[in-house]
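This is what each chain is made of:
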Amino acid sequence: MLSNAWIIPAIPAVSFFLVLFFGKRLPLRGAEIGITAVGASFVLSVVAVFQWIDRVDNATGHSEGLRALGRGIFSAATGHGDAAVQPVVSSITWWQNGLVKFAVGTRVDGLVVMMLFVVTLISLLVHVYSVAYMREEVRFTHYYAMLSLFTASMLLLVVADNTLVLLVGWEGVGLCSFALIGHFWEEKPNSDAALKAFLTTRTGDIGLMIGIIITFFAAGSFDIAKINAYALSGGANHALLLAGAVCLFIGIIGKSGQFPLHTWLPDAMAGPTPVSALIHAATMVVAGVYLGARMYPVFFKGFSIAAGGVNFMALIGGITIVIGALLAFVQRDIKKVLAYSTISQIGYMIMALGVGAWSAAVFHLFTHAFFKALLFLGAGSVSFSGSHHSFDMKSDMGGLRKPMPITFWTFIIGSLALAGIFPFAGFWSKDEILVTAGKDGYTAFLVVGLVGAFLTAAYMTRCIYLTFFGEYRGHGHPHESEPLITVPLIILAFFSVVAGFINAAPLGLEKFKDWIEPTVQFPHLLHPAFDTPKAIISVAVATLGIGVAAYFWFRREATGPLHGLTERNSLARAGYVFLEKKYYLDVLYENIIVAGIKGSIARGTYWFDQHVIDKVVNSLGGGAKRAGRFVYDTVDQKVVDAAVNDIAEVTGETGGLLRYVQSGRVQRYALLLFAAVGLLALAILVFNI
Amino acid sequence: MGLNQFLILSAFLFCTGIYGVLARKNAVLVLMSIELMLNAVNINLIAFSAFRTAVAGQVFALFVITIAAAEVGVGLAIVLLIYRNERTSDLDDVDQLKG
Chain A
1 MLSNAWIIPA IPAVSFFLVL FFGKRLPLRG AEIGITAVGA SFVLSVVAVF QWIDRVDNAT
61 GHSEGLRALG RGIFSAATGH GDAAVQPVVS SITWWQNGLV KFAVGTRVDG LVVMMLFVVT
121 LISLLVHVYS VAYMREEVRF THYYAMLSLF TASMLLLVVA DNTLVLLVGW EGVGLCSFAL
181 IGHFWEEKPN SDAALKAFLT TRTGDIGLMI GIIITFFAAG SFDIAKINAY ALSGGANHAL
241 LLAGAVCLFI GIIGKSGQFP LHTWLPDAMA GPTPVSALIH AATMVVAGVY LGARMYPVFF
301 KGFSIAAGGV NFMALIGGIT IVIGALLAFV QRDIKKVLAY STISQIGYMI MALGVGAWSA
361 AVFHLFTHAF FKALLFLGAG SVSFSGSHHS FDMKSDMGGL RKPMPITFWT FIIGSLALAG
421 IFPFAGFWSK DEILVTAGKD GYTAFLVVGL VGAFLTAAYM TRCIYLTFFG EYRGHGHPHE
481 SEPLITVPLI ILAFFSVVAG FINAAPLGLE KFKDWIEPTV QFPHLLHPAF DTPKAIISVA
541 VATLGIGVAA YFWFRREATG PLHGLTERNS LARAGYVFLE KKYYLDVLYE NIIVAGIKGS
601 IARGTYWFDQ HVIDKVVNSL GGGAKRAGRF VYDTVDQKVV DAAVNDIAEV TGETGGLLRY
661 VQSGRVQRYA LLLFAAVGLL ALAILVFNI
Chain B
1001 MGLNQFLILS AFLFCTGIYG VLARKNAVLV LMSIELMLNA VNINLIAFSA FRTAVAGQVF
1061 ALFVITIAAA EVGVGLAIVL LIYRNERTSD LDDVDQLKG
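Heads up: the protein sequence lines correspond to chains A and B, in order.
Quick note: the first sequence uses this note's numbering, first residue 1, plus one each step.
Quick note: the second sequence uses this note's numbering, first residue 1001, plus one each step.
If you are wondering where the hints come from, they were derived from the structure by calculation, not from laboratory data.
There may be inaccurate statements among the hints.
To be verified - Computed beta-carbon distance windows for the label pairs:
id, chain 1, residue 1, chain 2, residue 2, range
1, B, 1096, A, 640, 37 to 47 Å
2, A, 684, B, 1065, 21 to 31 Å
3, A, 675, B, 1081, 26 to 36 Å
4, B, 1098, A, 684, 49 to 59 Å
What the hints assert, rightly or not - Facing chain B, from chain A, some residues (calculated, C-beta under 7 Å):
id, residue
5, 662
6, 663
7, 667
8, 671
Note that the Cβ used here is the ideal one computed from N, Cα and C, for glycine as well.
With the rest of the complex left out, here is chain A (with noise of 0.2 Å):
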């Protein structure tokens, strides 16, 4: 299954054709296609992640086979071998112009099958549950039909072994996004949801292909290994490998949702909640950060991670950790906030890559695709069956326990691993960020990482609050979801408990840094011990967070110092507003941005038009009008027209003579005849010939 990657993503592609075209005839309207074809991806993810598996252990040598697996995760660690084990490629060459050849492979490491079962078990688990949630949608077939496009997009991003097939999927990704946030494109708000997403994407997609470029010039090949290869070498130009690796982290900001490319994703709400859970787990979102851990020697080495400071990818993380926190506080969309949620837990993983913790940001991606599927899952539950299809928090929430036990548990289960808490499995995978934070000389950051779980415990207790305590606010029959919709549910919430102990380091299990991180052409990164201070303390602050936002939330009814604080205090007002205006990026964005743009700049651009290029335009007009004037008055008519009219006359005035020729008469013609035969006659005694 590793050198046969394609066939991984090349089932849903397929699939995507059959539900299109058979799949309103089928007695589930393409959900049976849909649901078969990711299941059999998934089938054959697992099998490439067992395969995978043995492979490390057959390199490192401390194994005989699959059999290896359960003690290979439940044994005591085994240090990290020496032995370098290969990625398996395939590649066929696609085209070639003089000595560039131009590939397309896949190439399967570590990673790879991680984010393969990843993605596939997101997908299959959101292919479910669409069966139910979008039972009475219209465009039920059209639905499903896009949702194998963008699993199988995201799985060919992912296995892509160069820049170029990679970008293919990447673009995929994009557009099918697009389709499935605008699904319900009736409402105008929501196909203005899917352009913002689409065009605020497409303007880092830009420096992203700026970035292939450039990486291309410098390496001489879009082979992502090579250019990995070529970023450690010691003879690489290190401007030119910052250059492409601020141009590709740009592509980054703009899919992964960082500060200031992160307003599409609040927007991108519109869409199917389903939809919603896939694009913040497995798909979409987590493609910058996957692109980001892929071709992570071009950052390491480009912005010069080694060295300790601030970096540009470290910083933007911190600054999207902060600012995404803050917003999830002042919205009342419960999707809104766990959209808020995924902006801020992947600016972790971004900064996780920027401080040089590798394998922490890919373990964080990895737990958080779960719990955060998990919530999404979880909210569209409370709106199919709670809250009569609303998302509004504040008006149609409220004492959701009750009726919803599962949906509320799993929830709960959702919330405590997105905080941090012992023992779920984002405790391990935030834990080893900022463990390394702290370790590489980036304080600051570790800082930041810990203010940010402060926040999120407290966003998510104010969520958990509103939607499933106090009073039943909305006018619905709550009640709790069907089996179609609870099972997944069920399933993620194991995996948010118990994923996270595959990496858990105090237990002795290191398995992402020996399954997962690659041990050719990837620099040399530190691995610093579990330390017991910091995570007691990251649990204490996030606990901290729990308690904060519980005391003013669940105790509001009474006079707490807190309560309505925005209403007495004008610098918590304003603060509250800023928030509300979500940092005023959306009007800096499109009132001054884009209607500068619209306005002043239009305006001169018009300006130039009217008076530059115009009068340019119109005097070459102009000119040009004369020069045919005069071309016309002489040469056309005086000396071609007179021409052909010349030779029309000379003809019809020999016709006109010829035509007496012709009388129409036999006779006559009868006496033309014998005349010249009597003069040929003559003429022959005459001569004697």
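Knowing the structure of chain A, use the given hints to seat chain B on it.
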């Protein structure tokens, strides 16, 4: 009886035919004049054939008779059609092809 008498007869008939073709107005008479010319030629062919003991001339004459029959058949049919359409067989009135 020498060859010349035949040639003179032939020449006389031929000239009669030419006169008929050129001078007569009626299409049927023009056709008959053409027959006269053809027969004048036939007389020539047979005369030479007989006096020079060469059979080829007589064969040619047979051919000419056959072709003349066909020619008269087609010619009379055309004249009949012209008469039916134009109510005349006067060649001076049939001049639609004039330039």
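Violated constraints from the hint list, given by number and in increasing order
Number 4 only.
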